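Spelled out, the chains give:
Protein chains: 2
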Amino acid sequence: MSNKRALLWHIQCAIFFNMNSGFDFIPSGTVTSSNGFLAGATYAGIKKEENLDLAILTSEVPCVAAGLFTRNRIKAAPVVLCQRRLSDRKATGVVVNSGCANACTGEQGLADAEEMTALVAAAIGAPPEQVLAASTGVIGEMMPMAQIRTGIKRIALSREGGHDMARAIMTTDTVPKEKAVKVEEGGYTIGGAAKGAGMIHPDMATFLGFLTTDAMVEPVFLQSALKQAADVSFNMVSIDGDTSTNDTLLLLASGLAGNEIITSSTGQAVLFQQALDALCIQLAKALALDGEGATKLFEVTVNGAPDRAAARQVARTVVSSPLVKAALYGNDPNWGRIMAAAGRSGVEIVESKIDLYLSHICMVKAGRPQPFDPAEAVKRLNRTEVTFTLNLNLGDGSAVAWGCDLTENYAEINSHYTT
Amino acid sequence: MSNKRALLWHIQCAIFFNMNSGFDFIPSGTVTSSNGFLAGATYAGIKKEENLDLAILTSEVPCVAAGLFTRNRIKAAPVVLCQRRLSDRKATGVVVNSGCANACTGEQGLADAEEMTALVAAAIGAPPEQVLAASTGVIGEMMPMAQIRTGIKRIALSREGGHDMARAIMTTDTVPKEKAVKVEEGGYTIGGAAKGAGMIHPDMATFLGFLTTDAMVEPVFLQSALKQAADVSFNMVSIDGDTSTNDTLLLLASGLAGNEIITSSTGQAVLFQQALDALCIQLAKALALDGEGATKLFEVTVNGAPDRAAARQVARTVVSSPLVKAALYGNDPNWGRIMAAAGRSGVEIVESKIDLYLSHICMVKAGRPQPFDPAEAVKRLNRTEVTFTLNLNLGDGSAVAWGCDLTENYAEINSHYTT
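First to last, the sequence lines map onto chains A and B. Taking our numbering, the leading residue of the first sequence gets 1, the next gets one more, and so forth. Taking our numbering, the leading residue of the second sequence gets 1, the next gets one more, and so forth.
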């Protein structure tokens with residue numbers, strides 16, 4: 001086994017079997033649980049309803065920064081700004097708003113995003129190019145800059161401000177998503193807040209995520225660790241198959257924990273990656289469960305795929321299937337829809353080799369239906385977390401994806417968003 | 001312009017501008033409108049509710065036959081059977097049922113499909129290998145062969161039987177889909193019946209389609225004409241993004257019209273293709289409008305794509321977007337969702353070049369929002385047919401795709417299908 005594969009295997013074991021994890025989730029942890037980070041939020045008047053809609057996250061010291069962004073060809077102004085500014089892998093603060101996406105807004109949109117960061121930079125005493133921006137909301141409307149200028153002045157920053165920030169980034173989300181893990185051995189913390197009730201899809205869909213750590217981390221490793229964590233978490237979540245113009249995931253590392261610098265070649269890299277993966281998976285599962293109109297979380301594990309990429313593809317196709325999601329909502333043990341979704345995933349699966357389980361109930365063995373107790377199946381479907389496992393029996397590729405059920409409320413919520 | 005491109009252009013002009021089409025839709029036309037075809041149906045007891053669920057289509061003479069099938073890796077038994085039997089491009093009859101997909105049923109499923117065709121072959125006096133089969137319904141259940149044996153005996157064949165056949169293939173469809181065109185110049189007819197309320201998606205999703213013609217057509221051209229027609233019709237329809245194990249499109253040509261044989265090199269080929277395309281497009285639009293829970297038909301035209309494949313990809317991504325479909329349901333002129341869907345289609349679009357129209361209302365010009373009257377936009381969205389046009393201004397590729405809105409009823413219908 002190569003070093004890289006050994007590392008991945010180690011990480012997966014640690015996460016899935018929770019063996020000697022070396023880190024713990026902090027009760028009420030959030031994006032400002034890491035040492036040196038402050039946040040605050042206000043209702044600036046961007047949203048119609050009076051809810052927090054503008055937030056600032058800052059670090060007491062300049063940070064090493066990593067970012068991942070939408071692959072949509074239509075990129076919102078703040079995404080363009082972040083991609084430019086992260087070329088030096090440094091940042092000190094982030095300004096974020098909900099209610100307006102600042103997408104399809106041209107040069108003025110970019111100027112508005114720049115002004116927002118300049119105002120925050122002035123307030124915190126940092127160079128403007130060290131402040132990043134993110135937005136979520138309606139596409140094609142200009143930023144209401146008068147309200148934003150006033151709003152930024154009003155925001156008070158504090159160690160507890162992460163909770164308000166987690167609320168300020170919500171759109172159709174019903175609950176804030178925020179978590180933090182403490183890595184005892186390294187003496188550092190990783191925290192985060194995310195949003196994304198609608199348009200969540202594999203491949204970084206709308207979705208905003210802000211992560212912080214007080215660990216000292218080498219910049220190139222920080223970026224690769226973020227990519228790896230996103231690949232096993234946010235990129236394995238699907239709510240509706242749409243991806244957005246604004247997807248942004250940022251990770252700022254302040255280095256205030258005073259640890260020995262973590263690089264890809266240090267032993268601490270494995271632990272850091274495990275903790276970051278675990279944090280992102282918890283946030284991703286929270287996003288899936290809070291999918292628009294959703295009533296339950298849907299976890300699909302694919303084993304025995306030809307390789308990891310194939311396993312990911314099958315798992316993501318199954319959790320994205322509207323028919324599977326609707327059956328899940330109705331507690332309907334219609335496993336044929338899972339087989340059909342796997343069959344159209346693009347992976348060369350072999351029907352006669354497939355085993356399919358609902359929790360521990362075997363529904364299909366070697367491609368053939370197995371007798372099962374429908375009442376017991378309905379009981380297991382009628383839980384807040386429903387798990388399916390597909391064994392393709394073709395190789396050793398594995399992956400886990402998360403989704404939610406499709407309910408009448410999805411159409412209801414999404415048919416009246418701008419009006 | 002190459003001959004092929006000239007041909008395509010000719011066809012598109014004829015269809016979209018209805019110039020000298022050379023063919024007419026027959027009032028109450030159906031799959032048995034072509035000379036020499038008979039059909040009949042019965043309630044065999046496969047469905048729980050007493051509705052027609054078993055049908056036979058036959059020709060008075062052996063036919064040249066063409067077929068297209070699902071690309072799902074999980075293929076139902078009747079699909080496997082058809083693919084084997086069509087190697088000689090000949091068929092005389094088809095047996096089809098709804099209520100049971102005969103998928104994931106292994107060797108027994110294949111034996112059952114073979115027995116169904118053998119029973120029909122005996123009844124019509126044809127060799128068993130000249131009878132094809134198709135099924136639609138729940139995956140993973142064995143065919144109720146006792147009922148099917150009795151049912152096949154009960155079916156009476158007639159020239160009018162196409163109407164019953166169109167009903168017998170319905171699952172969650174609310175209306176039968178059947179059409180026929182008469183090509184005066186060639187003296188022949190093309191008829192068809194199709195089903196597919198759920199799981200309809202670009203790339204031949206569950207969907208059954210049965211086409212007949214009394215034209216005499218060269219077998220290889222018949223297959224290529226069917227592929228071309230499917231590519232501009234059924235493969236451009238999306239209802240929910242799922243594709244099935246059972247998709248089947250068959251075309252039988254009896255040759256009874258006594259026309260000069262149509263080959264790809266004869267002048268008649270263009271007219272035959274036009275008529276076949278038009279028939280398939282009408283059936284495809286009927287499928288889209290009858291999408292599960294749908295209240296309106298949604299037509300997206302993409303112009304100015306780098307090539308035709310790119311235009312198809314963008315058009316299909318937009319009509320498949322759950323967020324676009326939900327906005328359509330709510331008469332919400334949220335054009336940003338269309339831009340975002342186009343942006344994630346995988347085509348290298350350029351934001352600053354895009355024009356977007358709702359009917360004739362320009363909503364986006366060169367990537368920037370244009371002022372429009374929201375009341376007028378809502379009025380146009382509140383119609384049974386809503387059309388959007390995206391001009392990418394990158395090349396000369398064009399395509400049209402059809403879909404429907406996403407309503408609360410979709411989740412309702414699909415959450416209780418097997419139970």
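Calculated from the structure, these hints are not laboratory results. This one's a predicted model, so the numbers in the text were calculated from it and none came from an experiment. Watch out, some of these pointers could steer you wrong.
Treat identical chains as interchangeable: a pair holds within one or across any two.
No more than 27 Å apart at the CA atoms, straight line, and that leaves these computed lysine-lysine pairs for DSS-like [as the list claims (entries may be wrong)]:
hint	residue 1	residue 2
1	LYS153	LYS90
2	LYS353	LYS182
3	LYS227	LYS47
4	LYS379	LYS48
5	LYS285	LYS182
6	LYS379	LYS47
7	LYS227	LYS379
Within a copy, between copies, both or neither: which one fits LYS227 and LYS379 at a CA-CA cutoff of 27 Å? Intra 37 Å, inter 45 Å, cutoff 27 Å: neither.
Within a copy, between copies, both or neither: where do LYS353 and LYS182 come within 27 Å Cα-Cα? neither (42 Å within a copy, 48 Å between copies)
How would you label the pair LYS227, LYS47 (within, between, both, or neither) given a Cα cut-off of 27 Å? Neither, since 32 Å and 50 Å both go past 27 Å.
Intra/inter-copy verdict for LYS379 and LYS48 if alpha-carbon distance must be at most 27 Å: So LYS379 and LYS48 pass the 27 Å test across copies only (24 Å; inside, 41 Å).
At most 27 Å between CA atoms: does that hold for LYS153 and LYS90 within a copy, between copies, both, or neither? Within one copy only: 24 Å inside, 78 Å across.
At most 27 Å between C-alpha atoms: does LYS379 with LYS47 qualify within a copy, between copies, both, or neither? between (41 Å within a copy, 26 Å between copies)
Homomeric proximity label, LYS285 with LYS182: Cα distance no greater than 27 Å: For LYS285 and LYS182, only the intra-copy Cα distance (19 Å) is at most 27 Å; the inter-copy one is 57 Å.
In the structure shown, a violation is registered for the earlier hints numbered 2, 3, 7, in ascending order.
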